[in-house]
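Below are the chains, spelled out letter by letter.
Number of protein chains: 2
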Amino acid sequence: MSRFFSDLVKNITPYVPGEQPKDRRFIKLNTNENPYPASAKVMAAIGSVTALAARLYPDPQVTELRRTLAAYHNLAIDQVFVGNGSDEVLAMMFPAFFDRTDTIAFPDITYSFYPVYAALYQIPYVAVPLQEDFTIDFDDFPENLKALLLANPNAPTAIAVTSAEIENQLRRRPETLIIVDEAYVDFGAESVVPLTCRYDNLLVIQTLSKARSLAGLRVGMAFGNPELIRALECIRDSFNSYTVDVVAQRAAKAAYEDVAYFEKTRAAIIATREKTVAALTDIGMKILPSTANFVFCTWPGVAGEKVQQYLRDNGVLVRRFNKPRIEDWLRITIGTDEEMDEVIRLLQLFGTPA
Amino acid sequence: MSRFFSDLVKNITPYVPGEQPKDRRFIKLNTNENPYPASAKVMAAIGSVTALAARLYPDPQVTELRRTLAAYHNLAIDQVFVGNGSDEVLAMMFPAFFDRTDTIAFPDITYSFYPVYAALYQIPYVAVPLQEDFTIDFDDFPENLKALLLANPNAPTAIAVTSAEIENQLRRRPETLIIVDEAYVDFGAESVVPLTCRYDNLLVIQTLSKARSLAGLRVGMAFGNPELIRALECIRDSFNSYTVDVVAQRAAKAAYEDVAYFEKTRAAIIATREKTVAALTDIGMKILPSTANFVFCTWPGVAGEKVQQYLRDNGVLVRRFNKPRIEDWLRITIGTDEEMDEVIRLLQLFGTPA
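In the order they appear, the protein sequences are chains A and B.
Start counting the first sequence at 0; every next residue gets the next number (numbering that gives the first Met the number 0).
Start counting the second sequence at 0; every next residue gets the next number (numbering that gives the first Met the number 0).
No wet-lab data here; the hints were simulated from the structure.
Treat each hint with caution, since some may be false.
With a straight-line Cα cutoff of 25 Å, these simulated BS3-like cross-link-like pairs (lysine-lysine) come out [said to hold, decoys possible]: (1) Lys9/A with Lys322/A; (2) Lys21/B with Lys40/A; (3) Lys21/A with Lys40/B; (4) Lys9/B with Lys145/A; (5) Lys322/A with Lys305/A.
For each label pair, taking beta carbons as the anchor points, the in silico distance ranges come out as [unchecked claim]: (6) Val258/A with Arg311/B: 40 to 50 Å; (7) Asp77/A with Glu262/B: 39 to 49 Å; (8) Gln121/A with Asp281/B: 53 to 63 Å; (9) Ala39/A with Asp281/B: 47 to 57 Å.
Values in this document were obtained by computation on a predicted structure and should not be read as measured data.
For each residue, glycine too, the CB sits at the ideal point set by N, CA and C.
Could you put together the complete structure from these sequences and hints?
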């Protein structure tokens, strides 16, 4: 260990993303990427960047893309923030709103980057246990929180709460900032983006990595009232003035403009998910109700590690979190029909007595 | 002000980047961009990204690009870190190495983002005054610093120190981390990257925004001993796993592979700079010795604001910092020969009695 390490580096445990294999070809269902390519209009937008544009700094305010996003969601442009992936937006949200004297809360089973951010910024947090069936009971969350952080649908469970339930919390907790991470919202859950016009204690995070097939370009957003957006801009401008490059700005704009492709691909993913859920249920797996582009499932009585290794041995990567309550569950991204047919075939074989 | 703002947001003053004009066409010499377009090989690399690659997360370890950078500088791959612009690398360096109980130092006149980072992370710092002629006297820096942060060549002065002077400090201050920000090093100064193999208290920061014509793509690097790089990775992985998108990774690799284009364009900029310095000296301007892609100059007895406004009125953007000692100085980026001829013509006119 270098004598120059900060105390933070000595103590922190970073987030570990799902494997991005470089050599062997896998059916890759471990990081919730979209199985469909980026839209042709996105690729045309990438191709439109000239060598002269590449030499200039990008627009630090991301104006054109924010205008498109604002129009799409029927908001004003000053209600929109854009960052280098929704992870960066989350990472900037922590210092924008939380001091070391605040307490925030999120479910015990949720996106595992949240506790890492809390450690990075040394913000005290409460990890509130989900119910036995992995649903949320909001009454379990303490009063007087500075913030309540909620992935909706939740990851890795895939279970969503309704917009009405969130609005109820916004009303009941006016002094608590409620942050809703809607990374997976486009696959069947209700977005609370429209509520940002009515509640100043709501911040909504979204991404282009999932429903817009653009994980490779790193674009995420926050929607909220203009004051909340201003705080995010203040941190961004104290960290890195230009976080979203010129190619990503144009690609993201094109992705939002190509509504037809978005609707077609997300409908395909939802249809494949429903077929997958039916087939896996048929062979005896237990699957939580999903409104995401992944399913969270387990084989009762079988170690999750064993199932994961079997799939890997047969060329399929899925994600498992080695944590209490969920170590026997697998998070399987919904791929194409062909990919899921292969997963179903493999799991049927696994379940058949030799 | 929102009741949700953190104390940090209430108190911090963000960095203000140079204007990126959207409407009117300017000769843009205010943000030290390269006047030459990105290389044709870079544009081909951008065009090689497929719609299927765009849907996948980029390689979080940035392996291919780091391999290219390591080979270029004759280092091992674990001596190389890549971030979303050198500003992000600097922003991650602060929490990687500095605690709130440490003291760091940098010159009083230098890249104005350094004190913003110190404020963001609440790291105490000493701003050590440059000499009257804007050179550095290292004896003015306190002993027992956690770190000494040095832009070389310095910005906005454009003055460089030698590699030997830095090595002398590395030897004299083994318990101080010496960070050398070499954003502009390729225009005539000496790089200390080779010294990272011999000194474990040296971290060197570079960027593709200046000499590689890629400000629009946002790629910056750090070079140092593997332990220092590991600390940066630890912070990166606690902040945002994928900071460099798939397009930027490929573009940056191609930029480093196209050595001929890099050599041609940087030689052109150096030649234009020398012509510009001669012409501005001829008309009575005072110019600091520059090894950068910009010159720092003043018209003795004339308010800098007046000269800047005159140039702006005539279609030329240059940068001025409204700070003690330098408020009458202009930082003028070196553009093409044609652009600099126009600047020289305008300044000649300005200096001619009516």
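Hints, one by one, checked against the model:
{"no.": "1", "hint": "Lys9/A with Lys322/A", "verdict": "holds, 23 Å"}
{"no.": "2", "hint": "Lys21/B with Lys40/A", "verdict": "holds, 24 Å"}
{"no.": "3", "hint": "Lys21/A with Lys40/B", "verdict": "holds, 24 Å"}
{"no.": "4", "hint": "Lys9/B with Lys145/A", "verdict": "holds, 16 Å"}
{"no.": "5", "hint": "Lys322/A with Lys305/A", "verdict": "holds, 15 Å"}
{"no.": "6", "hint": "Val258/A with Arg311/B: 40 to 50 Å", "verdict": "holds, 41 Å"}
{"no.": "7", "hint": "Asp77/A with Glu262/B: 39 to 49 Å", "verdict": "holds, 45 Å"}
{"no.": "8", "hint": "Gln121/A with Asp281/B: 53 to 63 Å", "verdict": "holds, 57 Å"}
{"no.": "9", "hint": "Ala39/A with Asp281/B: 47 to 57 Å", "verdict": "holds, 56 Å"}
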